[in-house]
Structures are given as structure tokens and as C-alpha cells.
Amino acid sequence: MSGRVLVGVKRVIDYAVKIRVKPDHSGVVTEGVKHSMNPFCEIAVEEAVKMKEKKLIKEVVAVSCGPQQVQETIRTALAMGADRGIHVEVSAKEYESLGPLQVSKILAALAKKEEAQLIILGKQAIDGDCNQTGQMTAALLDWPQGTFASEVTLEGGHVKVVREIDGGLETIKINTPAVLTADLRLNTPRYATLPNIMKAKKKKIANVKPADLGVELASKLQVLRVDAPPQREAGVKVESVADLVAKLKEAGTI
Amino acid sequence: MTASIFKARQALGLCLRGSRALSQLAELPEMHQMMRQTCRDYAAKELAPIAATLDKNHTYPAKQILELGAMGVMAVEVPEELGGTGMDYLAYSLAMEEISRGCASTGVVVSVNNSLYIGPILKYGNEEQKKQWITPFTTGEKVGCFALSEPGNGSDAGAASTMAHQDGDEWVLNGTKAWITNSWEASATVVFATTDKALKHKGISAFLVPMPHPGLSLGKKEEKLGIRASSTANIILEDCRIPLGNLLGSRGAGFKIAMQTLDSGRIGIASQALGIAQAALDCAADYAHKRTAFGAPIGKMQAIQFKLADMALAIEGARLLTWKAALLKDAKKPFTKEAAMAKLAASEAATFSAHQSIQILGGMGFTTDMPAERHYRDARITEIYEGTSEIQRLVIANQVLKEYQP
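Chains H and L are the protein sequences, given in the same order.
Going letter by letter, the first sequence gives residues 1 to 254 in the working numbering.
Going letter by letter, the second sequence gives residues 1 to 406 in the working numbering.
Any given hint might turn out to be false.
[Said to hold, decoys possible] Computed list of chain L residues with no C-beta within reach of chain H, every gap over 12 Å: (1) Glu46; (2) Leu122; (3) Ser155; (4) Gln166; (5) Asp167; (6) Gly168; (7) Thr176; (8) Ile298; (9) Phe352.
[Stated by the list, open to error] List time: in silico BS3-like cross-link candidates among lysine-lysine, alpha-carbon distance up to 30 Å: (10) Lys142/L - Lys50/H; (11) Lys209/H - Lys54/H; (12) Lys300/L - Lys22/H; (13) Lys34/H - Lys290/L.
Derived from the structure by calculation, the hints contain no laboratory data.
Yeah, the Cβ is synthetic: ideal placement off N, Cα and C, and Gly gets one too.
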């Protein structure tokens with residue numbers, strides 16, 4: 001096995017920022033807004049780096065698709081301990097319609113090219129909330145998948161994954177190569193240390209175009225309109241259960 | 001190549017170097033931005049939530065200092081071979097500001113370790129001393145302190161009455177040092193003592209003393225108005241014996257070492273003051289959006305707007321002065337005047353911003369429910385330690401007069 005792990009990292013609007021919809025309802029405002037690495041991607045990077053520290057794998061490669069700015073996100077992954085980065089260049093215009101299907105095709109192509117043993121992704125990105133890329137990538141590669149991972153153990157040619165599911169926890173054993181997606185409780189990502197930030201400067205980020213990987217970026221999906229959720233209206237206080245039932249009947253909800 | 005072309009190229013080189021430094025004032029290089037962000041994240045998640053409790057209980061942030069050590073923040077300028085981070089003073093200044101924005105007490109612990117303890121040893125120590133007295137102090141497991149002031153003299157550092165005399169193969173120190181930050185947690189100190197009274201300030205020398213040590217005892221912890229999570233106490237030396245090899249720098253160089261150390265330390269304290277000022281502004285601006293009076297958020301009122309503008313102006317001005325001083329130091333250019341200006345501007349910005357922050361918060365600002373009152377208390381000391389505002393003015397005036405020397 002190559003001992004190489006590919007980690008996907010996405011640059012998203014920072015979780016603490018208040019999102020505003022563009023006046024033309026075509027999307028949300030991203031200009032001049034603080035961006036950072038998707039929190040689930042941070043957890044994915046942390047898991048890969050921990051595997052390397054335990055000498056279970058040899059190399060962590062951080063990948064991001066997008067315009068020039070995503071290099072900041074790749075560098076953050078490098079500062080957390082990834083060994084090198086791959087920037088898949090996508091123009092700003094194409095980025096607007098870039099979705100899980102195209103990204104999965106890119107990751108699948110890269111995984112083959114890099115002979116990756118594992119792909120670790122965040123379970124979903126906090127902007128799209130699609131929760132599809134990991135699953136699609138596994139399907140395209142015909143690899144097993146361990147999604148919503150809250151615990152990962154590498155054992156020889158297998159991975160034991162404890163998954164968070166609706167009913168509780170499910171433990172599965174899958175062969176490598178495999179795709180894993182990180183859930184919240186998998187680990188607590190480290191703060192980038194100052195020495196690692198210095199070292200990150202020297203680590204390489206390779207530039208690749210989707211066409212070089214044989215991937216077509218055209219999307220079959222079109223965003224028609226983006227709206228903010230409706231403002232919460234004030235509620236009504238009632239005196240008794242009878243009143244409550246009467247009001248609900250009035251509103252036609254029961 | 002003719003002399004004039006050579007001079008032109010030299011001037012261009014200086015211009016380019018200058019413009020690189022200038023552009024760093026306008027936009028920080030990527031590595032510095034990343035470094036600032038990681039410190040900001042740490043301070044927001046790990047320091048800000050506990051700062052009020054640390055202050056209330058006067059608790060030293062031991063766990064956080066270890067974590068900051070692991071991040072490389074306790075020895076920013078120390079070369080990697082000695083166990084440090086190997087970054088420049090601008091990086092240190094940014095780290096200090098972000099840490100202090102979360103907790104000013106933690107900030108001063110970091111500052112004293114970096115600038116006042118490690119600083120002089122890095123500059124004046126021999127290789128053996130650097131390994132022994134710096135490397136163990138880079139991880140946060142051990143911190144150091146700086147013992148210059150005495151009960152009888154603060155600003156008048158030349159009047160040091162702590163004495164050191166040679167006895168065989170040992171130095172013997174006697175005297176009392178006052179106001180020593182980190183004293184109760186420190187594993188070592190840089191102490192200044194008079195070795196030749198007749199030479200006045202040229203007769204002061206610097207010494208390295210481990211802590212604890214026979215002949216060295218600590219006074220009671222001072223109960224302070226602010227930065228209460230850091231310890232401040234007297235260090236009492238009674239026939240404290242140390243090996244001859246513990247002399248730092250040459251005999252009689254102590255005053256020069258102290259003054260040069262304080263020059264750099266000023267940039268650290270300026271950065272701490274900026275962090276406190278920024279935290280005060282954060283608190284006030286947030287409140288101005290949320291608090292309504294007379295039917296609108298108070299941020300809509302000019303009186304509040306003028307305060308916020310004045311606070312932001314004072315902070316940004318002081319920040320640029322601080323960055324300039326750090327950049328000059330990194331370029332190995334003279335920075336005494338700029339460091340004094342930075343410390344003066346930043347500390348006055350801190351006390352001003354903290355004062356206005358309470359004013360904007362009104363009654364809420366006066367209670368411990370909001371952090372404004374802690375910023376007010378923490379800010380106050382920045383105008384006093386590592387050179388009072390009055391001393392800074394003297395230093396600046398001195399430099400200005402030199403520039404105009406006929």
C-alpha cells in the first residue's frame with residue numbers, strides 16, 4: 001500500500017459570519033467576507049495527520065478545488081501537518097456551479113493518479129450542506145465508504161469505522177483503499193503551531209487543471225433562486241391547553 | 001560602473017527594501033496572517049471564556065501557558081536550534097496582541113518570558129548559557145522573570161542598591177527586587193546588581209539565578225488592580241550564592257543590557273496594550289449595535305459614534321507605530337524612539353479605549369457581567385510598567401533633540 005492519504009479541504013464562509021443573500025437572489029455575499037477551512041475538513045486533516053504521527057501512513061496530501069484563494073486553505077492544512085498540497089484550478093465563474101459530482105470526479109481521478117490508500121473528507125461542507133461528495137467519490141472509484149465516522153482504526157488492509165447513525169453507533173469493517181468522511185466527534189483539530197506555519201511555507205502546492213484529469217466541469221444543475229429563511233414571527237401566548245387546541249384548530253394545523 | 005550609478009542602485013535597493021517594509025504595514029505577509037489567525041483562534045476559544053474567572057480567583061493560567069508553549073508562542077524569536085520558533089519580532093508583536101485580546105494576564109506572562117527573560121540571554125549570553133537558560137524555557141513548562149526594579153527605585157534604574165561581590169568562585173548577591181512579574185511561577189530570573197558602586201550605573205551587572213535557590217526568597221504576592229492572574233512579588237536576596245559562570249554579558253554591562261532589553265520589551269507591552277484596547281473596542285462596538293435607547297440602537301447616535309471613532313483611531317495609530325518599531329528591530333535598524341512611541345501610544349490608547357468602553361456600556365460597564373471593567377483595570381498598568389509614560393516621553397524627546405543637534 002502506498003501509505004498515501006488524500007484529504008479534501010474546502011474554503012467556506014467562516015462559521016461565525018452572518019450570511020447575507022445577494023440583492024439579486026443569485027447566491028450569498030462572499031466578497032470581503034471572512035472565509036476559513038470547513039470545520040469538518042479540519043477534522044479530516046487532523047485525523048490524517050494523527051495517522052501519520054502514529055506511523056500508520058506515510059504521506060498526507062491536501063487537495064482543494066477552486067480559484068486562487070483556496071491556496072490559503074491548503075496552506076492551513078499544511079500548517080496542521082499535511083506534507084504537500086494540490087490546487088485544482090477552477091475559475092471563479094466555473095466555481096459558482098461547481099458541485100459534489102464534479103468534485104467527486106476530480107478526487108477520484110486524483111486518487112488514482114496519486115495511488116491513494118485512503119481519501120478522508122469532511123462529511124459535508126457548511127455552505128452547501130450536500131453531504132454527497134464522499135459517497136459519490138467512493139461510488140466512482142468503486143471503493144468502500146465509511147461515512148459519518150466518529151472513530152477510525154486502521155488495521156492492516158482494513159479500516160474499522162464507528163459511524164454515527166440515527167439509531168446510535170454502527171461499527172463496520174471495510175477494505176482499503178476506501179473513502180472516509182469525518183463527523184464532528186471524530187477528533188478535536190489542533191491549532192496550527194507557529195513552527196508548523198513556518199514549515200508550511202516550504203511545502204509544495206502543485207497546480208492541476210480539471211482538464212488534465214480528464215474531468216468536465218459543466219454542471220447539469222442550475223440555481224434558480226436563493227432566499228433567506230423567513231423572519232421568525234412572534235408567537236402567541238395562551239392561557240390553557242384548551243386555548244392551545246382551539247388556536248391550532250383555527251390555524252388548520254390539527 | 002560609475003560612482004553615481006552605484007549610489008543610485010543603492011538608493012533603489014533601500015527604496016525597495018523600504019517599500020517591502022512599508023507594504024508589510026499595509027498588508028501583512030501570508031505567514032504572519034496565518035500566525036495571527038491561529039493566535040486569535042486560540043485566544044477566542046481558550047482564553048476569553050476563562051479570563052474573567054482567572055482574574056477573579058487570581059489563578060495563574062498554567063495549562064494555557066503549556067498549550068501556548070506547544071504552539072511556539074513562549075519563545076517566538078528564539079532560533080529553532082535552541083527550541084524556539086525562529087520567527088521575527090513582528091510575528092511576536094502580532095501574537096502578543098491576539099493573546100492579550102483574550103486575556104491580558106496571560107499576555108503579560110508570555111511577554112515577560114519572551115522579551116524580558118529570554119531576550120537578554122539571547123542577545124548577551126554565551127552558547128552554554130543559551131542552552132541552559134533558554135531551551136528549557138521555550139515549552140511553557142518553565143517561565144522566567146526579570147528583576148530590575150527595587151523598592152527604592154523604579155524609573156531610576158541606575159540607583160540599583162542590590163549588591164553583588166565575588167567570593168572565591170562564586171558571586172554573592174544581597175538586596176531586594178520589587179514588582180517582579182511571574183516571580184511565583186518562575187524557574188529562573190535575570191537579576192541586576194551593583195558590582196562596582198564607584199562606577200555608578202556603569203558598575204551594574206546582570207546575573208542568572210535559578211529559582212528556587214538558597215538565599216533567594218519571595219515576598220508576598222501583591223494584590224493588584226489588574227492583570228491579577230499573573231503574580232507580582234518582591235524577590236529577596238540574602239547571601240544568595242551563584243557560580244561565576246552565571247554572570248550575563250560582561251561585568252559592568254548590566255545597565256546597558258537592561259536598557260536594551262526594555263527597548264524590545266516595550267514593543268511587547270505595546271502589543272499587550274493593543275490587545276486590551278481592541279478587546280475594549282470589540283465589547284463597546286458589539287453593545288452599540290444591540291443596546292437600544294430612544295427607539296434606536298445606540299450605535300446610531302453621534303455621541304457613541306464619535307467615541308467609537310476615537311477609540312478605533314487611537315488603536316490603529318498605535319498599532320502602526322508598534323509594527324514599525326518591530327519592523328525596524330527586525331531590520332536591525334535603531335528603534336529606540338519608535339519603540340517608546342509605540343508603548344506610549346498603545347498604553348494611552350488602552351486606558352482611553354477601556355474608559356470609553358465602560359462609558360458606552362453605561363451601568364452595565366460597571367458590573368462584572370461585562371468584560372469592560374476588567375479591560376479598564378488591566379489597561380491601567382500598561383502606562384506604568386516597562387517604562388512609565390513619563391519616561392517614554394523623555395526617551396522620545398532625547399531622540400528628537402539628537403536629530404536636531406546643531
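Query - Violations among the numbered hints - result: The structure breaks hints 1, 11; every other hint is satisfied.
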